[in-house]
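Asker: Spelled out, the chains give:
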Amino acid sequence: MRQIHVDTIISAVETLFIEANIYLSQNVLNAIQNAIEKEESPQGKEILRELIRNAEIAGKEQLPVCQDTGLAVTFIEIGQDVHITGGNLSDAVSEGVRRGYQKGYLRKSCCHPFTRKNTADNTPPIIHTKIIPGDVLRITAMPKGGGSENYGEVRMLIPAEGKEGVKSFVLDMVKKGGPNPCPPIIVGIGIGGNLETSAILAKEALIVPLGVRNDDPELAELELEILDEINRTGIGPQGYGGTVTALDVHIKMLPCHIASLPVAVNMQCHVHRIREIVL
Amino acid sequence: MEIKRIKTPLDDAVIKKLRAGEKVLLTGFIYTARDTAHKRFIDALGKGETLPFDVTNQIIYYCGPSPAPPGKVIGSAGPTTSSRMDLYTPQLLLLGLKGMIGKGKRSTEVKEALKRYRAVYFGATGGAGALISQSIVSSEIVAYEDLGPEAVVKLGVKDMPLFVINDMYGNDLYETGMEHYRK
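Protein chains in written order, with the numbering used here: chain W, 149 to 427; chain D, -13 to 169.
Please note that the accuracy of each hint is not assured.
As the list claims (entries may be wrong) - Label-pair distances were calculated between CB atoms; the ranges are:
| # | chain 1 | residue 1 | chain 2 | residue 2 | range |
| --- | --- | --- | --- | --- | --- |
| 1 | D | F39 | W | E167 | 36 to 42 Å |
| 2 | W | K323 | D | G156 | 44 to 50 Å |
| 3 | D | G14 | W | E204 | 23 to 29 Å |
Unchecked claim - Straight-line alpha carbon distances no greater than 20 Å define the calculated EDC-like cross-link-like pairs of lysine to aspartate or glutamate that follow:
| # | chain 1 | residue 1 | chain 2 | residue 2 |
| --- | --- | --- | --- | --- |
| 4 | D | K9 | W | E369 |
| 5 | W | K265 | D | D158 |
| 6 | W | K324 | D | D158 |
Source of the hints: derived by calculation from the structure; they are not laboratory data. For each residue, glycine too, the CB sits at the ideal point set by N, CA and C.
Whenever a hint applies, use it, and build me the whole structure from the sequences.
Answerer: Shown next as structure tokens:
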């Protein structure tokens, strides 16, 4: 059994959330840079250039790229030969989030659903865990803003609706959101499983780097078809009109019940923040 | 692209010249308010109380900034989604509010009120909070400090980059822009 002390996890989580919020990844910056070339609208180009300048300023001034530093979403893969010592995993992740949001001057955006009273330290985080073979612990931090998250949905399609049903659902959601989820967006689509797994698949789909296609050729093609249709809507950067509405579309799929076709859409804004560490 | 420079307080002469799709640089003072602050404004008005600041000819910015690090005026300070404030907006426009800054579509009622009361809705770039913070030169809490990032704050701004989304003539950049580039 490999031992990993909670202190290691706490400090890793703290650093991941601070860095994710201040530095956009090169993968995302490249996608925005490429979008400047592709975009036909002058306003759209201007917005995309603002996004590049924004990222430069955030790094230089050590400010969050966006003031909505999100709910603290974490994906944790735990090797089955890992033993966590000195405390428990959930408390360690929470403590890392608490410290990171305090130390990094990140906005605390977590509140009671009805009274709207802020929890004041951005906890509790959202923790998705998976047991994997081996003796490593992989932590992926994805601070997720509210503006894009509000345009997600799970729909239980009729199996007969098939691929076309999936496409029209996704397009409906993109058009419904319009400028609100901060385009250019990234769309995560979860297909199959059941109600809750489709939603988690949609979020996991957002972790796939921009420009990387699904291993399954049929899904890879579907990703590109949906991306193309989204970019024909005319919504454009910030919804001011243009030819780049989405930077990419990713699909994750699992088998489902013979009576069902669950589909989930999870929208992500261009401030696509992901940081990962393997302990 | 051509850029117009405008100043607060906004008067009709300035508003008349603004058209949807134009880029403007705003200088002067604006007030942040988002969900809960708006609810409190309307509750106060319902009870016959006055608002924490006089909205006449002023601009409200839908923004909950991140905390200011030491030595800085403010943290990251981009817009939040405006539609959540739609229910409250016409009443504030009736009182003389002349502009709002946010992101995303407004309701038909808000767009009608913009025409009726001669006011304007500006878009700031969502997700460009670090860039926008560079145009904020002062920050002072006006009300509802207990709301943390949702408190009402008076911001001094210099050349804040904005686009006109809805002008007083009923034009809507979201509609015309999308129509133009749809394929």
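Asker: Can you list which hints this structure breaks, lowest number first?
Answerer: Hints 2, 4 and 5 contradicted; others consistent.
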